[in-house]
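Below are the chains, spelled out letter by letter.
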Amino acid sequence: MSKIRCYFPNVLLTFLLVFLLLGCGLTAFVRTQVLNAETFSVVTAQEGLADKAYSSLETYFKTRANSTGIPAEVFTEVMDRDELEKAINASVGQAFDYLSGKTEEFGFTMDFTALEQSVQTFFSSYAEENNVVKDKVYEEKVASVIAEAEAEILFVADTFKLTMMYEKGWLGTARHYLTYLGMAQTACLIGLAVVLVLLLLCNLRQISHMLYWCGTAGLTASLLLLAPCIYVTATDYFAGFAIKDPQIFAAVVGFLELLVSRAQTMAIIVLAVSIGCLAVFGIVRAVCGRKGNDAEEAPEEASQEVTEQDSDTEKKSETEKESETKKA
Amino acid sequence: MATKTKTRKGVHPFVYILTAVLLVILCTAVSAVALIKPYEKVQTYLNIIFMDDMKIKPASGLDGLVIKENEISTQKPAEEEAEQFSDTGTVIRPAFGEQYAVLECEAINLSVPVYWGSTPELLERGACQASSSKVLGEVGNAVIDAHVNTFFADLHKIEPGDEIVLYTQYGIFTYKAFEQVKFENTDKTHILPMDTDRLTLYTCEAQVLGTSTTRVGVLCSLVSKQFYTDSASQAELTTEEAAG
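Same order as they appear, the protein sequences are chains R and S.
All you need for this note's numbering is the position in the first sequence, starting with 1, plus 415.
All you need for this note's numbering is the position in the second sequence, starting with 1, plus 18.
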């Protein structure tokens, strides 16, 4: 009866432990992996985002040359892949500054001094060769070409589409909810500690059972996390991403795949630890079973013996009473 | 007084395994139920963002675009060959990126291949017909554009009355220019579908440097439709595919 009384609280506490473990794991994952500029830098380097952005800009300016008459080299020769990579990383850094509340606004900018100089030089030499008067119209034309080129470079270099997310208000919303992330993590950790203490209290007599319940909770939590990770990896789910611009596709899909692979690693580690706990529990139980009078079970058995001795004494006294009554 | 000691019987391992399995099932079921509503909310967005039929990883700007070039006869039929043609016939709908016509205008000495669809890669190769417009031979507006610095540099020189001929694998279509037009790129009046036979040619307005938001074009009306009576054999004779 006492076993049944312990069994259901243990199951209930393990059930809670599963979701608290998931909560702790996911909040920690978001804080250390998703909201980490280093993760974005890894994607930028791993996927060659700067190279892809550069190629995309080259194609754009070559195509535009057909309708503008401005050779693509005017723009591409002053663009640098390293500068593009720095700009991509800088945009991520600025976004995180905004998300963490360090800055009140997000604005992605780059240094376009060389580009402006190049366009000015090209227009100037063109004007001299063709006797074009450098009037207001000329200045407006130069300004519009520079503005258009800068806008395109900023658009392409913003591979993670942070500007779009800021303009749509998504970054603002994320910034608002991120203030609760720390609280959620603390709540999960406190809940986890409470459940573990309760589980410990439930299994004070058989402390090795803690290994079983914790192992089962870890196993369940890791399977719940691992299953969707395996699904998206096996079906190549992210390859269906609708935006096929090479640099955007590589940035978004690379980022998601990196997160999934890291979540998968985390789940596998938890799974291994859980299986380890269950294996240790199995060994302990096997050893206890072989010894028969295991030290762990001694107190319970001692109490059982005491109970049995008491009942024997009671029976004995009752028999004595009966015999005395008969004698009388 | 002898003490009777009992050895406690251990729990069967099956109970431990069953408990673990039941917990996994229970937690999975609870998670699934809890996630149904949020999933329903984001399902539409997920289906749009990650489409099953778009599982192609881009490596270059040409991914997904197959450019197909065909050899199309631009020989005008002689009088005695008139029986080879019919006023009615079947059009062959081209694939996106396929060259399906040759546009000729003697007045400005223009001969340019026409591709079905409009992308920067196709515009590098010739004129492009918007895939939202009508295929030549069908009733409606056929809209063709090209770069002003290349193929349509002299488009503005086409005068009303000039003849434009389009050769395809299934027939020859002759149009006559009747109006020169100039419109803003936001104005869709001339490129929208219509019920009458129309050919609309347009390009950007030529500028010394920089881009223009103004478009210049020519509107043409249909003069004649000449479908090959044996279009299948014509296609077989004249088509040679070059890998795009």
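Check the hints yourself; a few may be wrong.
As the list claims (entries may be wrong) - Straight-line distance between alpha carbons at most 25 Å, and here's what the computed DSS-like set of lysine-lysine pairs gives:
id, chain 1, residue 1, chain 2, residue 2
1, S, Lys86, R, Lys659
2, S, Lys94, S, Lys152
3, R, Lys477, R, Lys517
4, R, Lys583, S, Lys59
5, R, Lys576, S, Lys75
6, S, Lys73, R, Lys576
7, R, Lys501, R, Lys517
8, S, Lys59, R, Lys576
9, S, Lys59, R, Lys477
10, R, Lys659, S, Lys94
11, R, Lys477, R, Lys576
What the hints assert, rightly or not - Chain R regions said to be covered by chain S (calculated; three or more residues, Cβ under 8 Å):
id, region
12, 527-534
13, 631-641
Claimed, not checked - Facing chain S, according to a computed beta carbon distance under 8 Å, are these residues of chain R, among others:
id, residue
14, Cys421
15, Pro424
16, Thr429
17, Tyr627
Since the hints were made in silico from the structure, they are not lab data.
Note that the Cβ used here is the ideal one computed from N, Cα and C, for glycine as well.
Verification of the supplied hints:
1. Lys86/S <-> Lys659/R: holds, 22 Å
2. Lys94/S <-> Lys152/S: Judged against 25 Å, a Cα distance of about 23 Å means the pair holds.
3. Lys477/R <-> Lys517/R: Between Lys477/R and Lys517/R the Cα gap is close to 40 Å, so the pair fails against 25 Å, i.e. violated.
4. Lys583/R <-> Lys59/S: With Cα atoms ~19 Å apart, Lys583/R and Lys59/S stay inside 25 Å; holds.
5. Lys576/R <-> Lys75/S: Satisfied, since the Cα-Cα distance of roughly 19 Å is no more than 25 Å.
6. Lys73/S <-> Lys576/R: holds, 21 Å
7. Lys501/R <-> Lys517/R: holds, 20 Å
8. Lys59/S <-> Lys576/R: Judged against 25 Å, a Cα distance of about 23 Å means the pair holds.
9. Lys59/S <-> Lys477/R: Roughly 42 Å separates the two Cα atoms, so the pair is violated.
10. Lys659/R <-> Lys94/S: violated, 43 Å
11. Lys477/R <-> Lys576/R: holds, 23 Å
12. 527-534: violated (count 0)
13. 631-641: holds (count 7)
14. Cys421: At 11 Å from the nearest chain S Cβ, Cys421/R fails the 8 Å test, so the hint is violated.
15. Pro424: Check failed: Cβ of Pro424/R comes no nearer than 13 Å to chain S, outside 8 Å.
16. Thr429: Since chain S brings a Cβ to about 6 Å from Thr429/R, closer than 8 Å, the hint holds.
17. Tyr627: holds, 6 Å
Hint violations for this structure: numbers 3, 9, 10, 12, 14, 15, all remaining hints satisfied.
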